[in-house]
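The task is simple: from the sequences and hints, build the whole structure.
With full-length UniProt numbering, letter number 413 in the sequence shown gets 413, and the count goes up by one each step, no holes.
Keep in mind that the hints were calculated from the coordinates and are not lab data. All C-beta atoms in this analysis are idealised placements derived from N, C-alpha and C, irrespective of residue type, glycine included. Keep in mind that the hints are not guaranteed to be accurate.
[Stated by the list, open to error] Pairs of lysine to any residue, SDA-like flavour, derived with a Cα cap of 25 Å: (1) K542 / D138; (2) K483 / G292; (3) K345 / Q364; (4) K483 / D326; (5) K407 / N424; (6) K491 / D443; (7) K483 / P472; (8) K542 / E527.
[What the hints assert, rightly or not] Label-pair distances were calculated between CB atoms; the ranges are: (9) R76 / T374: 58 to 68 Å; (10) E182 / H70: 35 to 45 Å; (11) G292 / A513: 24 to 34 Å.
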Amino acid sequence: MAASSSRFSLLLLEEGEYYFDDYAAYHYPSLPPSPTTRLRGRVRLCSSSLFFEPEDVSHPLVKLSFAKVHGVSRFRGLGGHGLASDELAAIFVIQTSLTITLLGDNVIKPYTFTKGRADFAFALRYAELETFLPRLQDLLEISTLDVAGAEARLDSLIAIREAKLTFDHSSIKELSERIELEMRAVHELPLVHNPGRFVLTTARIYFQAFNNISGEPVASYDRSAIRSVARRRHLLRATGLEIFMASGDSMLFSFSSRADREAVFEALYAQDGVASQQEEFAANMTLRWQNGLVSNYEYLMFLNSMADRSFNDLAQYPVFPWVVADYTSAELDLDNPATFRDLSKPVGALNPDRLAGFRQRFEQMPADGTGPLTPFLYGTHYSTPGYVLFYLVRSQPALMLRLQNGKFDAPDRLFTGVAATWRNCLHSTGDVKELIPEFYAGDGSFLRNTAGIDFGVCQGSGERVHDVELPPWASDAADFVTKLRSALESKYVSDHLHEWIDLVFGHKQRGAAADAADNVFYYLTYEGAVDIEAIADPLERKAIELQISEFGQTPTQLFTRPHPRRGAVASPLGIGLPAISALPTSGSEAAGGDGGASTVNASPVAGAPDSAASSCGWGEVGSLVEDTAWGPIAAHKGAVTGLVVSDDGARITSVSLDGYLRVYAMPENRQVRAVAPSSLALSSVTALDASGDTFVVGGWDNAVYAYSIEYGSISAKLESHDAAVSGVVMVDELTLVSTSWDSTVKVWERKSTRNASSHLCPWPRCRSTTRRLRSWPSLPIRACLRRPRPTEPSWCGTPARVGQSSTCRTMTAR
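Given below as structure tokens:
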């Protein structure tokens, strides 16, 4: 007998199906039952089906769907010669009209569906039928109920079962470990949802699945090996968390509530050495990409991660663009613009004739809400689980069988050739898919049928589906990927990649800009289109969840302004971050720079701008007396970009790439204030006056802020520049100067509430980006008067160009 490790996996379950228990059992292939023909194995009891897995791998697994089962009864006949009476009494028979067999000889191939009456006899080797049969009968009855009734009954059974399954505390590896958090969670893998108990101790993460499928009942992960954490959407709910390890592996968990997710996030993020995925925005990956310090591939991977795309979630798999349009030439000419795809258009708009048909249908859809659907151009999406597995079917056949209910697609519909797939994306009205990262990294093994799987024969060509047919310019799969990667990093793509980013992650993803760019998809694919929790009808909720999980999700929108092109003047605020709800707002949720990412050296604010606070009675670090000695202060997650120290050394105020302003009382060695004025980095800080009660802060969001220590909050905000503020300095107690990466210097004058305020005239435009600013004893400024409102102090600023009229803006400070 050929024995093997278990062939059963959660991939064999249907979507939404729950795994309950397994039992050592015998299966009798024929009746009357005989000990000479019985098969030893395990019965797997699930919410919608029963499986029998023989130990002998030459025999296939058997799946009996409850929807096709017509009866269950104890065996009442006589047994074959040699069958013990106690074994005979343990036999039960299931009558079904459909038999599904799979994984015979442990070979991955389409399942076999056999219709017709069949009786399956099993005997549990150790469990009592008196316990087992009522459970089986309950599940059979549930399968006959309507959706609402079945869901309620099944949820009740699951809740009762899970309440009895407590965490095995003997699995904790060290006596010194203390449990910090314990809650229900689901380990999310591609097309697999594995519920269990999530336990966070002072040293490790433990996950104990509610099932016993794994040979390791409790998995553990050292917290010291965690490098970063990222909040994720799961089925449009803000309940997911992805944990990235030093090994490069990652784990995706979904929790019962957003509060549970946040509790785990905050606990992990608070530990030393753990970064948040959102931090890279504060350290501004965009700037690094613009300056050529990050490759196009790395930047796209970063944007995908920021937009909730994960390799652990096929519904939100990372999306990459088609960049090459030539799959017929003998050589790939990367110096010829005709080689490349137009990155300013979505795939659906690349063919003008097909686009005309899409537009005609779009215009016929009621736009006033009277129709059943919100108007859309494309009824399919550019990234779906089906499209991901279309590309990966050779390397992930089990996933395709799970998605396709035990079948591969028809041979003519499989990924047979690159050129044929590109043609289909240009001409088919049902195909607007983009690519996946595997086309630009790795050895291209996903293009080869190394497992020798029988995918069938194409009717059109009569050829058997095997390896993917490559373009003439590629000698093999590895060469194909290498050349595509070269194309992705080419000058043409670098010059135009920002246009594709606008479509997928940016301001052309939604609204009028999306309409103008012919970039409108079905409304349910967009984040925020529907509140799942608010849907009372279980049938409607299930339908929407199915749509979300199988038919594609648009990435989280990251930018609301045109994305800067590569090689443009470095400005982090050619972009905006609208999805504030997905970004940190307070405490440990704040955006922060990853100190291990070495992003500081790539930034124009590589060092903290020199402070001019000495003119206001506050000194720089260099002014500290030599015998001042402090230990290290773990003040920020990112590089410190500005620092002000009080004259007596009792208080330090700092700003950082992590987006935070923090105030520390040194005698008590504690933080007394912290605030994140913006979702982006802060570049500079200066004291407003000698009292040190108010500070002026410059940010990468183009703004200048006033922060009041007394009130512990931002008291004013001024949209001061067209790009990031690179420096702020008080020339004296009445005059503030700010500089920006838009190559401007602006002067602002502070006046008392009862006096006129001078609108200071423009400072001439700089020839290059201004990065640092020191206190100047005098400035060549002409004053022109403007009378402010009589009851408020104000800051008055200048336009960026000489001779240009301007309306003075007012910034009120408490």
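Would the hint linking K542 and D138 be met if the CA-CA limit is 25 Å? holds, 22 Å
35 to 45 Å as the expected CB spacing between H70 and E182, which holds or is violated: holds, 43 Å
Does the Cβ-Cβ separation between G292 and A513 fall within 24 to 34 Å? holds, 28 Å
Quickly compare the C-alpha distance for K542 and E527 to 25 Å and report which way the hint goes. Holds - the C-alpha atoms of E527 and K542 are around 17 Å apart, at most 25 Å.
Can the restraint linking K407 and N424 be considered satisfied, given a maximum Cα separation of 25 Å? Judged against 25 Å, a Cα distance of about 22 Å means the pair holds.
Would you mind confirming whether the straight-line C-alpha gap from K483 to P472 stays at or under 25 Å? Measuring from Cα to Cα gives roughly 12 Å; hence the hint holds.
Holds or violated: K345 with Q364, Cα cutoff 25 Å? holds, 22 Å
Within 25 Å, alpha carbon to alpha carbon, are K483 and G292? holds, 20 Å
Is K483 within 25 Å of D326, Cα to Cα? Between K483 and D326 the Cα gap is close to 12 Å, so the pair holds against 25 Å.
Please test the hint of 58 to 68 Å on the beta carbon pair from R76 and T374. holds, 60 Å
Do the alpha carbons of K491 and D443 lie within 25 Å of each other, as the hint requires? Holds, at about 23 Å.
In summary, the structure agrees with every hint in the numbered list given earlier.
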